[in-house]
Amino acid sequence: MPQIEEQYDIVVVGAGHAGCEAALAAARMGLNTILFTVSMDSVALMPCNPNVGGSSKGHLVREIDAMGGEMGKNIDKTYIQSKMLNESKGPAVHSLRAQADKAEYSRAMRMTLQRTDHLTLRQAEVSELIEGDCKEAAEGSEHSVCTKRIIGVRTLSGGTYFAKAVILCTGVYLKARCIFGDVSNPTGPNGLQAANHLTQSLVDLGIKVRRFKTGTPARIDKRSIDFSKMIEQKGDEHIVPFSFTNTEEDIRREQVSCWLTYTNETTHDIIRANIDRSPLFSGMIEGTGPRYCPSIEDKVMKFPDKDHHQVFIEPEGEYTNEMYIGGMSSSLPEDVQYAMYRSVPGLENAKIVRNAYAIEYDCIDATQLKASLEFKEYEGLFAGGQINGSSGYEEAAAQGFMAGVNAARKIKGLEPIILDRSQAYVGVLIDDLVTKETLEPYRMMTSRAEYRLLLRQDNADLRLTDIGHEIGLIDEDRYAHFCAKRAAIEEELKRLQSVVIGAAKKNQEYLESVGSTPLKTAASLSDLIKRPELNYDLVAPLDPDRKALPADVIEQVNINLKYEGYIIRQQQQVAHFKKLEKKRIPDSVNYDEIQNLRKEARQKLSQIRPSSVGQASRISGVSPADISVLLIYLGN
Amino acid sequence: MLYKNDTIAAIATGASNAGIGIIRISGEHALEVADRCFRAKNPNKKIITTPGYHAVYGNVTDGDVVMDEAVCLVMRAPNSYTTEDVVEVQCHGGTIQLRQILKVILKNGARVAEPGEFTKRAYLGGRIDITQAESVMDMICAQNELAARSSAAQLQGALSDKIREIRSFVLENVAYIESALDDPENYSLDGFSEELYQQVEATSSEVLKLLGTAEEGKMIREGIRTVILGKPNAGKSSFLNQLLGEERAIVTEIAGTTRDTLEEEVMVQGIPLKIIDTAGIHETVDIVEKLGVEKAKKSLEDADLVVYIVDGSRVLDQDDAYIMKLLQDRKVIILINKIDVEQVVDKSWITANIIAPMIEISAKTGEGLQEFKEELTKMFFHGKLSFNDQVYITNLRHREALSEADLSLKRVLDSIRAGMPEDFLTIDLMAAYEQLGTILGEQPEDDLANEIFSKFCMGK
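Chains as they are written, first to last, in the numbering used here: chain A, 1 to 636; chain B, 637 to 1096.
Worth flagging that the hints you see were computed from the coordinates, not collected in a lab. Check the hints yourself; a few may be wrong.
[Claimed, not checked] So the derived list for chain A, only partly shown, Cβ under 10 Å to chain B, looks like this:
id : residue
1  : ASN86
2  : VAL93
3  : TYR479
Source: prediction; values computed, not measured. Beta carbons: idealized from backbone N, C-alpha and C, even for Gly.
Using the sequences plus the hints, can you model the full thing?
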């Protein structure tokens, strides 16, 4: 029987947030790319929360934007509310979050995909990976006879698509099952078709697969909600775009509000009384759920002392009545859901549009991947997003982007781009996933980043635009604009250092008028800005020669001066960290030959095969003494 | 150096001519090596078949030549000091004989251990942590009993326990701040900084206390640096000789006989003293004497204790005034010497200038020496130098890490005072945590292990 057979450079399986970034990056790097989706209507779908960003996730979005990713641009086009979180805290934890118009978000992303050269969108279920002939190992290589390769995919309808690299971005679709109460549907989110065949192909290839679960709350009809009993949560007056290509003026618009309400003891009593009907407690759900994003029944059972929990009511878009009930995801039966939601102030007459449900899916053990997101055992096979055990749109997009970039670079014969923990949250995310065994869906958190004062959302462009330019995803115009910004920051810092203010009466009076102390000796403007009670704007009257500078330049100048001591100390910590990162472990190391490693360490090291001593030191079960043994073996 | 599990050997007992000497063999082939140069009295017995913690009696042999009678103690991996197979060959002492036996063992497949290599293997084998390893080194190199006691305390993990306690306090607070950043709904930071301030202040003083013991730790290991100071011919050398119980320094009636500093080590009622006798301090034009005076002044800089000897038979003068100026803010014992002759000295002038215990002695007759010893003991045991049940920092690396940790804690306090948001506090808290971790060897370091083990004495 004749079958379709096509040839591409890169196949991307799945068009969620990871797949879209992977495909766009690869195609924009000039590679002929095909992007498969089970449904053209679920491209860049947001099946759970209607927002992008948030604590540390916002950092990921800005980071990939700095390197040429799409998520930041897409949310800037389709946001309906924007907020900088944690503004009362230090700049390291300021985090951008925007409410999205979900339908618009999907539509805009699909439009971008369809307008991109070298990119083909195709609705089909990929059911099988095609293994190529073993590539003969180079002469003299001791450890493997040959390298296994993946050379393409087959679809359920029998089509064959050969490629030099395949990127798996299957999200939550592999053998997906949606569950609430005693209802269990073998579908992906929102009743979309699950991908039921690919898992078997992975297992046949010897890839370790595990089962995770996550969940989503109900959507409630806006007209049935009494907002007068809730606290309004407005967007910021001054908005910061996600993408460094946009200014506030470019994207300013009318914003919609979110609303805050709380559960109470009645809610908790309803949950406790019906907990035996939860599929989680009855054992119907086998997958491991995220501790950091628990369902409301988890929260009630685990924190019995808390008499209330926050509930955020968020619009799903401008052209829908559906409201997302943040903080109350659940897999309880339908009748319990009604009772539980209706016990919350403002939701007494709530009408549910979509039920809350839990979803189970297959994913892989990501320690099978290199930091480039390529499988260690299979050349040409990459994975990004929820298939790697992460959760969240932003985590997915970040991995998809890196997988796309590295697959493309591999085909071009270039070294992979690997960001380390001191460069980007993206680096922290991927290092954690490929180094530590993830036993529950992995969520990005600020606490996971050791050097977060350096990894701020405001300086993502300064950290990563050079890399984006090197990859080829930042065009010359944007790069020139960036270089000008960087130069302006440096120049202004230098100028402030050199402008010295004397103890003239006028100056002293001004300092006192803004609550600062008079000068004892002459001081530079930068010294003045460093005073806790002053900042760049406040010293303006003492600085008549100041040129008007863009707000983003001023922001960097101010942060660099005000937190200088902390930044320097964190840089010293990074220098220390890099020492072990720079000690590479050759691929050919045979851990069985290294005497004195403890058995557990030997097993873990053999399994994960870290690329540097630094990475080895982060593997659980490898002790500092094992690291010493390793260092000594490597000739220190 | 490529670390292989090869077999090493070294003499484990000190270089004295003690009755018994021990040679330790450790490594994968320790048992075979021992069998090649040892013949059991019972011809059926072989070291290789001897179970752990059993001894075999026989002769050390070089080919057919019997070297010595010996007992071989067998310890099997991982139940040995190094976690490897170990044979301890216990034979008759005597440095030369032990060396010859070691040579035979080396001829039969072992190589000579590098300094500290046994302990290094114990550390790498996960048997001991780094503080314990360093204590072993200090113990081997310890110069006196008190130092040995302090080393023993560290080895038992008293220091480790203390550091662990401080570290877990730091980590708990970092964890709390981070939880609050990621989950503000469930973790509040209201009033957190104020509370943390008190706690960090207390922790910092704990660290300072440990650091304070570093000074004492140094004294214990090296002896208390005691400088004898006074005008020429005040009787400094005579006093030293009384203390030493023998005439070692040259004593004459001509002023300025001791032209250089002399160092002597002596135990006074169990307290180790390192005594530095100095040239008399006086205005002089003699170039040699001038150098001596400069040296005396220099030795004051790192003195733990100064014994100021005043000639009671002479009137105080400009030189005494100069010396008393040098002694400000130092720990001093004043000795009024020569009480066997007529006294003219104005003691009130001295007490008006220095606050210190004053004892009348005669270095010639030995009168007052007992009182001096008692005063010294009192200062040591009842003063700041009490050492009972205390943990001492006797190691320079620990001391540096503690200083760094304390600096970081002080920065946390600065940040709280400056009203910085809590997430800034974690930077310096983590720095303190990591610094303390390096003391325990719980912070992966690229060069730490080698640095430490290269300092070890041979054979342990």
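Task: Unsatisfied constraints (hint numbers, rising) - done: 3
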